[in-house]
Amino acid sequence: MSRVPVGTAIAAVLAGVPLLCALAGPFLAPLLPAPDGAGALLPPGPGHPLGTDALGRDVLTLALTGGTTVVALAVGTLVLAYAAGVPLGLLLAASGRRWAVLLTQRALDVLLVLPSLLVLLVLAGTGRRGVGPMLVATALLQLPAVVRVVRGAAGAPARRVALETMTQNGERWWRVHLVETGRFVAGPVLVDAGTRGVLVLTVLTGASFLGVGLPPDTVDWSVVIEQNSSSLFLAPYALLVPAGLLVALAAGTNVLVDRLADRTGAVV
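Note that numbering that gives the first Met the number 0 numbers the sequence shown so that position 222 is 221, with each residue one more than the last.
Read the hints as simulated data drawn from the structure, not as lab findings.
Any given hint could turn out to be false.
[Unchecked claim] Label-pair ranges, simulated between beta-carbon atoms:
no.	residue 1	residue 2	range
1	L233	L259	34 to 44 Å
2	A71	F232	24 to 34 Å
3	P32	P235	33 to 43 Å
4	V135	L231	27 to 37 Å
5	P32	A185	21 to 31 Å
6	R171	D257	29 to 39 Å
7	S228	A106	33 to 43 Å
8	P43	S228	43 to 53 Å
Note that beta-carbon positions come from the ideal geometry of N, C-alpha and C, so glycine has one too.
Sequences and hints are given; from them, build the entire structure.
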């Protein structure tokens with residue numbers, strides 16, 4: 000039986016704790032003793048083990064319930080980006096019309112140069128805030144990079160020989176260029192998704208921290224950090240606990256992606 004490397008185990012714990020809070024936290028929070036409602040910025044004590052934040056909310060409850068939106072938005076963004084980017088990348092790699100490929104790629108390059116936070120800032124300025132606009136905008140901004148990864152992996156020289164052989168053997172076009180090539184690029188795409196997930200997480204949390212992401216009444220780790228940024232010395236747990244969960248999620252995911260890349264030989 001092979002042993003799990005220590006670094007991998009630590010990374011799994013770092014990523015697993017925030018994920019557990021995000022997934023199981025909303026079900027565990029109602030089981031906690033009800034806060035006594037004594038006030039804001041209270042130190043740890045009975046009824047509030049980690050104290051209360053600047054708005055008088057129990058910090059432990061916020062830690063258990065504030066990760067759901069973060070994880071849901073990050074996963075939703077990746078699903079949208081890859082659902083559109085993988086088929087488009089495969090079609091561009093298989094297309095024999097160079098002008099169509101160049102035209103599509105240049106159109107995507109326009110999105111590639113747009114700063115993510117600037118786009119979210121514009122959306123917030125026009126009143127389009129919330130989960131839906133953030134999800135669609137962030138996924139759209141990831142699309143050019145996803146298409147480039149898929150197209151590059153599908154067009155690898157070693158892969159071209161296999162495609163030509165399958166074509167000469169009478170395989171159908173869609174099976175050669177979509178199904179089989181899709182299987183071939185699965186490794187690089189999976190590694191890229193892990194790395195991109197950290198980038199998406201950074202964009203989403205940064206937007207909420209700057210006040211251009213989720214509405215201020217949303218129970219979200221990044222929103223909680225923004226609301227308690229001036230209370231570090233009065234209620235440190237209200238700031239450090241959600242920040243630590245976000246850092247642990249990003250760091251753990253990064254290490255796990257590196258381990259996956261080493262095992263699959265994928266380079267992104």
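24 to 34 Å as the expected CB spacing between F232 and A71, which holds or is violated: Roughly 32 Å apart at Cβ, these two residues keep to the hinted range, so it holds.
Distance restraint evaluation - P32, A185, Cβ atoms, bounds 21 to 31 Å: At roughly 47 Å between Cβ atoms, A185 and P32 fall outside 21 to 31 Å, so the hint is violated.
Could one say that the CB atoms of P43 and S228 fall in the range 43 to 53 Å? violated (20 Å)
With respect to the beta-carbon atoms only, verify the hint that L233 and L259 lie 34 to 44 Å apart. Given a distance of about 42 Å, which is inside 34 to 44 Å, the answer is holds.
V135 paired with L231, Cβ distance criterion 27 to 37 Å: This hint holds: roughly 34 Å between Cβ atoms.
Outcome for the supplied range 29 to 39 Å, where the beta carbon pair is R171 and D257: holds (38 Å)
If you check the beta carbons of P32 and P235, does the distance land in 33 to 43 Å? Since P32 and P235 have Cβ atoms about 22 Å apart, the given range 33 to 43 Å is violated.
Satisfaction of the hinted span 33 to 43 Å by the C-beta atoms belonging to S228 and A106: Hint holds: Cβ distance 39 Å, inside 33 to 43 Å.
The structure is inconsistent with the numbered hints 3, 5 and 8, although it conforms to all the rest.
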